[in-house]
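Engineer: Those protein sequences? They're chains P and R, same order as listed.
Residues in the first sequence are numbered consecutively from 240, following our numbering.
Residues in the second sequence are numbered consecutively from 193, following our numbering.
It should be emphasised that the hints constitute simulated quantities derived from the structure, not laboratory data.
Any given hint could turn out to be false.
To be verified - Distance windows between CB atoms, simulated:
hint	chain 1	residue 1	chain 2	residue 2	range
1	R	D591	P	V478	23 to 29 Å
2	R	T240	P	D651	20 to 26 Å
3	P	Q552	R	Q533	50 to 56 Å
4	R	P630	P	E431	20 to 26 Å
5	P	P503	R	D591	36 to 42 Å
6	P	S305	R	L599	54 to 60 Å
7	P	P503	R	R392	52 to 58 Å
8	P	L495	R	G426	54 to 60 Å
9	P	T378	R	R610	53 to 59 Å
10	R	K433	P	E359	46 to 52 Å
Using N, Cα and C, we set each Cβ at its ideal position, and we do this for glycine too.
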Amino acid sequence: MGRMLWALLLLAALAPAARAGAAAGGADVAHFTLANGLEMVVVPDHRTPVVTHMVWYKVGAADETSGKSGLAHFLEHLMFKGTAKNPEGKFSQTVATLGGQENAFTTLDYTAYFQRIAKEHLEEMMAFEADRMTGLVLTEANVVPELKVVLEEYNMRVGNSPDARLGEQISAALYLNSPYGRPVIGWRGEIEKLTRDDALAFYRRFYTPNNAVVVIAGDVTADEVKALAAKTYAKVPRVAETNPRLRPHEPPPVALRTVMLADPRVAQPSLQRSYLVPSYATSSKDAEALEVLAHILGTGSTSRLYRALVVDQRIANNAGGFYQGSSLDETRFGVYAIPQPGIPFKTCEDAIDEVIADVIKNGVTADELERAKTRMIADAVYAQDNQAALARWYGTALTTGSTVEDVQAWPDRIRAVSAEAVQAAARTWLDRRRSVTGYLVKELPQEKHS
Amino acid sequence: MMASMPKFFTGALIGASLLIAPAVASATTIERVTSPGGIEIWLVREPTVPLIAMDFAFRGGTTQDPADKPGVASLVAATIDEGSGDLPSRAFHERLESKAIELSFSATRDYFSGSLRTLVENKDEAFELMRTSLIAPRLDASDVERIRSETLGILRRDTMNPDELAMQRWWQVAFPGHPYARPVRGTLESVPAITVDDMRGFIHDVFARDTLKIGIVGNIDGATAGALVDKVFGGLPAHAKLRAVPTADPQGLGRVVNVDLDVPQSVMVLGGAGIPRKDPDFMAAFLVNHILGGGTLSSRLYKEVRETRGLAYSVYSMLVPLDSTSLFMTATATRNEAAQQTLDVVDKEIQRLAEKGPTADELAKAKSYQKGSFPLRFDTSTKIATQLVLMQVEDLGIDYIDKRNALIDAVTLADAQRAAKRMLDGGMLVAMVGRPQPALAKSDTKTEAKADTKTEIKAKTEIKTEAKAETPGTGAGTNGVPAMLPARSR
Numbered sequence: 240m241g242r243m244l245w246a247l248l249l250l251a252a253l254a255p256a257a258r259a260g261a262a263a264g265g266a267d268v269a270h271f272t273l274a275n276g277l278e279m280v281v282v283p284d285h286r287t288p289v290v291t292h293m294v295w296y297k298v299g300a301a302d303e304t305s306g307k308s309g310l311a312h313f314l315e316h317l318m319f320k321g322t323a324k325n326p327e328g329k330f331s332q333t334v335a336t337l338g339g340q341e342n343a344f345t346t347l348d349y350t351a352y353f354q355r356i357a358k359e360h361l362e363e364m365m366a367f368e369a370d371r372m373t374g375l376v377l378t379e380a381n382v383v384p385e386l387k388v389v390l391e392e393y394n395m396r397v398g399n400s401p402d403a404r405l406g407e408q409i410s411a412a413l414y415l416n417s418p419y420g421r422p423v424i425g426w427r428g429e430i431e432k433l434t435r436d437d438a439l440a441f442y443r444r445f446y447t448p449n450n451a452v453v454v455i456a457g458d459v460t461a462d463e464v465k466a467l468a469a470k471t472y473a474k475v476p477r478v479a480e481t482n483p484r485l486r487p488h489e490p491p492p493v494a495l496r497t498v499m500l501a502d503p504r505v506a507q508p509s510l511q512r513s514y515l516v517p518s519y520a521t522s523s524k525d526a527e528a529l530e531v532l533a534h535i536l537g538t539g540s541t542s543r544l545y546r547a548l549v550v551d552q553r554i555a556n557n558a559g560g561f562y563q564g565s566s567l568d569e570t571r572f573g574v575y576a577i578p579q580p581g582i583p584f585k586t587c588e589d590a591i592d593e594v595i596a597d598v599i600k601n602g603v604t605a606d607e608l609e610r611a612k613t614r615m616i617a618d619a620v621y622a623q624d625n626q627a628a629l630a631r632w633y634g635t636a637l638t639t640g641s642t643v644e645d646v647q648a649w650p651d652r653i654r655a656v657s658a659e660a661v662q663a664a665a666r667t668w669l670d671r672r673r674s675v676t677g678y679l680v681k682e683l684p685q686e687k688h689s
Numbered sequence: 193m194m195a196s197m198p199k200f201f202t203g204a205l206i207g208a209s210l211l212i213a214p215a216v217a218s219a220t221t222i223e224r225v226t227s228p229g230g231i232e233i234w235l236v237r238e239p240t241v242p243l244i245a246m247d248f249a250f251r252g253g254t255t256q257d258p259a260d261k262p263g264v265a266s267l268v269a270a271t272i273d274e275g276s277g278d279l280p281s282r283a284f285h286e287r288l289e290s291k292a293i294e295l296s297f298s299a300t301r302d303y304f305s306g307s308l309r310t311l312v313e314n315k316d317e318a319f320e321l322m323r324t325s326l327i328a329p330r331l332d333a334s335d336v337e338r339i340r341s342e343t344l345g346i347l348r349r350d351t352m353n354p355d356e357l358a359m360q361r362w363w364q365v366a367f368p369g370h371p372y373a374r375p376v377r378g379t380l381e382s383v384p385a386i387t388v389d390d391m392r393g394f395i396h397d398v399f400a401r402d403t404l405k406i407g408i409v410g411n412i413d414g415a416t417a418g419a420l421v422d423k424v425f426g427g428l429p430a431h432a433k434l435r436a437v438p439t440a441d442p443q444g445l446g447r448v449v450n451v452d453l454d455v456p457q458s459v460m461v462l463g464g465a466g467i468p469r470k471d472p473d474f475m476a477a478f479l480v481n482h483i484l485g486g487g488t489l490s491s492r493l494y495k496e497v498r499e500t501r502g503l504a505y506s507v508y509s510m511l512v513p514l515d516s517t518s519l520f521m522t523a524t525a526t527r528n529e530a531a532q533q534t535l536d537v538v539d540k541e542i543q544r545l546a547e548k549g550p551t552a553d554e555l556a557k558a559k560s561y562q563k564g565s566f567p568l569r570f571d572t573s574t575k576i577a578t579q580l581v582l583m584q585v586e587d588l589g590i591d592y593i594d595k596r597n598a599l600i601d602a603v604t605l606a607d608a609q610r611a612a613k614r615m616l617d618g619g620m621l622v623a624m625v626g627r628p629q630p631a632l633a634k635s636d637t638k639t640e641a642k643a644d645t646k647t648e649i650k651a652k653t654e655i656k657t658e659a660k661a662e663t664p665g666t667g668a669g670t671n672g673v674p675a676m677l678p679a680r681s682r
C-alpha cells in the first residue's frame, strides 16, 4: 500500500490526469435519448440499495472563449448557488440530510455533477438536477465569495505546487493552437476577472438537455429510470442548440521543445515529457495500441522504463509512463523520471530514449504483451465491483466522442492489439519532435558568460 | 482525461490510519467463520462479481519502530511485495501481473495492514503469493536499496510540501517523546540507518495470529475461505511481541507553531483532545463533529469559512480515535493575508459549538445523514472488506451494522451539548505552514532556525478567545488530485 500511495502521489504530481477513460463492464446497460435530446445511460448493479447519479455536460475548459480561462470550472462551482425553485443550499442540505454524497468536477472536455445516495431518493436527485439544468440564479452576493474560493483552490492546486506549475507550462508548450494548452482551472489573471455575467452567458450557451448525458449506476432498472425521467428530466426545455465541438486543431508538430521551471521549493528534481498523440475519438485503432504501449513502457514495476531506469541502471527513484486516451481532440502520451540525487537529467533522458528506441527497433515480447493485456482487461472486471467507477467510465466516454458500444467492446479491442501495432505506435507517435520535455529544478543553471 | 477539478476537496492525510469506521449496510450479511486452524474471519459472500477481496491488519504499526529508527514499518510495507520464496522481485511482480492479482501493504501508527484482490479463478495463486510475502519475504539487498532510495526521494519532497509539513509538525509538538510524534515514513536521517535485520525484527514481532483481524468479501464460501486463511496465516507465530505504547494526551494546546515556507497559501492543522472510541459520548461527539465540519456542504465550517467568506477551498474536521489517544482535528488552507482571519473564524465556530451545542434541527439532520449514508461504505467489495477489518479493530461487534441506527438515535440534545463541551472546549494546538501575513499570533514570538530552509516561529498564542477546538486537519494533498478522486466535500 505504501508504494501504491507513492505511485499515486507521483501520478498526481507528474501526470495530473486519470488513466484513459475507456473500459468495459456492466451487464444490461441501457442507453436512450429523451425527446428533448437528453441522453441517458443506466448501469444496473443490484448488490447494495444505492445509486450513483451523474449529470455530464459536454462542455469543458477547451470550450471557453479565449480570454475567459477558468470559466467552465467557475460555473461548476456556481451551479451550487441555487435556483428560483430551490434556493441556495436547499439541494446540498437535502443531499446531506438524506445521507448522500455529492460533488462535481471539470476537465477540458466535460463538466459533471453527481450524487451517491440510497436508491429511494433517486427521483428527488433527478428533480434537483433537472431544475438546475436551466434554472440557475446567480447574484453578486454569492458569486463574489465563490470566486475567492476558486482562487484558494488555485493556490492549493497550483500556487503551492511546483509540479503543477510545471505541468501548466508543458501543456501550454505542447499545444500550439488547441485550447488544450489552457489550464482547466484557468490562468490566474483571467480567473480573477471572471464575472457573474460571464458565468450566466456560458451557462445559457452550454447547459441544456440536448448537451447533457445522465448516467445512473446502481440498484435500478432502465424501466424505473425511464418512469422517473418522464417526471423530471423530460420536462426540461431545450434552451439552446448545440454545435459540433470543433476546436482549433493542432498543426503537425515539428519542433522538439523543452521547458524548465525553477522553484526554490523543489526538493526533488524531476523530468517529464509529453507527446502529442491521437485519442480514442481521433483514432481508436491508434488509441488502443497506445494504451497497450503505455502499459508496457510505463505501468508498474515490471514496465520497461521502471526496469531500465530504476532497477537496472539505478539512475532514477521512479520512472514510468501514461496515456490519456479519453479526449475529444489529440491528446498526450507521457513519460517521466525522478533522477536519483546527483544524476543529471541527461542521463535519465538518454535512458528513456534508449528504452523507446528499443521498442521501435525490436518491438515488444509476446510475454509482456500478454501480461499487459491480461492486466488491462482485468480492470474491466474489477470495475464491475464499483458502480461509481462504471458510471464515470460511461460518462467520460460519451462526452469525449466515444459510445456505449465502444466502452463495451474495449476488452475485445485491447485483446486484438498486436505486437506489430504496439511497435508501429511507438515508431509513429513517440517521435521527439512531437514532444515537450519539462524539467523541474530548484534553481536555473548558471548562465555562462563568454 | 486531463486534470479534473472536483468542486470540493477532502484530503485524508491525517496520520490516523483507521479513522472512524462506523457505518454499515443493511443489505450486507456478515458471517463469522473460524478456520480449521482457529483463525477468525469476517466474511461477506458476494456471488455476483467474479472476484475476492481480502483485507487484514496486525496491531502494531509505526509505534513498533525502534525509537531511533522511525520508518521501519513503512519500509517493510513497501518491500515485502518485492519478492518472496523462490521468486525474486521481477518474477514476483510478473506473476502478479500475469494473473491480475493486486497485493499491497501499508503501515499506519497503530496497525500494519494488507490487502489482496483477485479474480476468483486465480485465488489459489493469489493467496499463495500473499502467504510467501508474509512468511518468506526475500528482502534482497538490491530491492531494499531501491525502495529505500525511493523513500528518501519522497521524504525530500515532503520537506517542501506544506500539507506534509503541517501534519508532521503538529504530531511532533503534540506528542513529545511519544511514538506518535515520529513521522510515519521515517526521516531523512533514520531511513538510511534501517537494516534488513531491523525489518526482519519488525516482521517477527508484529506479524502474529493473536492480533490479526481479517475481512473477506467475494464469491467464496466459508470453508474455502477458512482453508485459504490457514494457509496464509497459519505459519505465523501465535503471539506478537509488541512494545507497550503509553496512552497520551495531545500537548501544546493553545499554541500556534509556524513553519515558514514561501508559498502563497498557508496550510493550518488544528488538533486537540477528542473522545475515545469506547467512551459513551463517542457517538454524540461523532455527530457534533459532523455538524461542525463533517463531510457535507452544510457544515458550520463549510458555510462560515468557505461559502460566506470565500476564505478557503478545503475546510473540515474529523475525529481521530487511535489506540493510545483520541483526537479531534481540523484543517484548512487560505491565502497568507487571510490566515489570522481564517483561524479566528474557525476558532469562533468551535467556541460557539462548545458553548451552546448544536440546535435540535442540526442534530436531527446529522443523525439522518449518518443513518442514510452508511450503505455507501458498502457498495464495493474492497470497501466492504475494509469495513470488516475496521469493525473488528475497533471492537464494535459483528452486529454493529444492526445496532448502529439505534446508537445514533439514542443521542439526545443534552448528550450532544455535553460532548461538544467536552471535545471542543479543551484548546487546540495549531500548526501553520506558509507565510501568514501579518505574522500570525500576537504573543511572544521567538524564532529558531532549522538546518534547512525552514525557519520556525513558535508563537505561544491565545488565538483570541483562546483556542478551543479540536479539529482534525488534513492537509489537502496539494500535489494535485488524481483526476477522479472521489472528493468528499469541503
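Engineer: Which of the listed hints are broken here?
Structural biologist: 1, 5, 7, 9
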